[in-house]
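Q: Protein sequences, first through last, are from chains P and Y. Residue 87 in the working numbering is what sits at position 87 of the first sequence, and the numbering runs on without skipping anything. If you want the working numbering, it's the 1-based position in the second sequence plus 116.
Everything labelled a hint here was simulated from the structure, so no lab data went into it. Glycine is no exception: its CB is placed at the ideal position from the N, C-alpha and C atoms. Treat the hints with care, as some may be off.
Over 10 Å on every C-beta distance to chain Y, these chain P residues come out as not near it, computed from the model [stated by the list, open to error]:
1. 13
2. 20
3. 33
4. 52
5. 58
6. 63
7. 77
8. 78
Here are the simulated distance ranges between beta carbons [claimed, not checked]:
9. P:3 <-> Y:119: 44 to 50 Å
10. P:63 <-> Y:167: 34 to 40 Å
11. Y:196 <-> P:70: 38 to 44 Å
12. Y:167 <-> P:50: 18 to 24 Å
13. Y:155 <-> P:67: 27 to 33 Å
14. P:1 <-> Y:130: 31 to 37 Å
Short derived list, chain Y residues pointing at chain P, Cβ under 7 Å [to be verified]:
15. 160
16. 162
17. 166
18. 214
19. 217
20. 218
21. 219
What follows is each chain in one-letter form.
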Amino acid sequence: NAGVTQTPKFQVLKTGQSMTLQCAQDMNHEYMSWYRQDPGMGLRLIHYSVGAGITDQGEVPNGYNVSRSTTEDFPLRLLSAAPSQTSVYFCASSSPRRRGTSYEQYFGPGTRLTVT
Amino acid sequence: DAKTTQPPSMDCAEGRAANLPCNHSTISGNEYVYWYRQIHSQGPQYIIHGLKNNETNEMASLIITEDRKSSTLILPHATLRDTAVYYCIVRGETSGSRLTFGEGTQLTVNP
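Please model the entire structure based on the sequences and the hints provided.
A: What follows is the structure, given as structure tokens:
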């Protein structure tokens, strides 16, 4: 299994440009999430999905859109990039287990985005 | 999800045990304690989790106090490759896939 893959690894955008960060997983996980990490800080949740066709907002959703048309893919769209969105973006996936236990998340390698 | 408190940094000699503490005094009965680590800006990596019993796997041991208000992650024989930021996260089953990260503990393993 490739696990969780993210593309691109690095990206530089100008203010106002749009782009899509790609995330894919081949573990048949139902849950997928997007996080951002600013320098010296922990990860913050942007959006998440509990299954195909279902998405919800996390802690810092403004400026980002997501969709989940398949189980495998969970792209993150920046509609009009701003310098405040300069960050490292991590995608994660996990699978729910039976009630009474819990589950670990698998993270991708990250996309390093700079907005000038 | 309950808030956690960790020291910002710790040092450990290579080959010795690294004991990383975490306070979670507001934890509720159905919340688990999770540990993840992040090596040099890679994606976080799951280490271990527990509810109230001590847990051990091939990577580490997790000791949870009887009142569940604190826990300790133990790396029994730390190596240079264990240098990383370690995150203690408390999460309930209703949190689904959501993890709330604090600032973690930067563990530096010295030769």
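Q: It remains to establish, for every hint, whether it holds in the given structure.
A: Structure-based check of each hint:
no.: 1; hint: 13; result: holds (20 Å)
no.: 2; hint: 20; result: holds (19 Å)
no.: 3; hint: 33; result: violated (5 Å)
no.: 4; hint: 52; result: holds (14 Å)
no.: 5; hint: 58; result: violated (7 Å)
no.: 6; hint: 63; result: holds (19 Å)
no.: 7; hint: 77; result: holds (19 Å)
no.: 8; hint: 78; result: holds (20 Å)
no.: 9; hint: P:3 <-> Y:119: 44 to 50 Å; result: violated (30 Å)
no.: 10; hint: P:63 <-> Y:167: 34 to 40 Å; result: holds (37 Å)
no.: 11; hint: Y:196 <-> P:70: 38 to 44 Å; result: holds (40 Å)
no.: 12; hint: Y:167 <-> P:50: 18 to 24 Å; result: holds (22 Å)
no.: 13; hint: Y:155 <-> P:67: 27 to 33 Å; result: holds (31 Å)
no.: 14; hint: P:1 <-> Y:130: 31 to 37 Å; result: holds (32 Å)
no.: 15; hint: 160; result: holds (5 Å)
no.: 16; hint: 162; result: holds (4 Å)
no.: 17; hint: 166; result: violated (10 Å)
no.: 18; hint: 214; result: holds (6 Å)
no.: 19; hint: 217; result: holds (3 Å)
no.: 20; hint: 218; result: holds (5 Å)
no.: 21; hint: 219; result: holds (5 Å)
This entry does not satisfy hints 3, 5, 9 and 17, going by the numbered hints stated previously.
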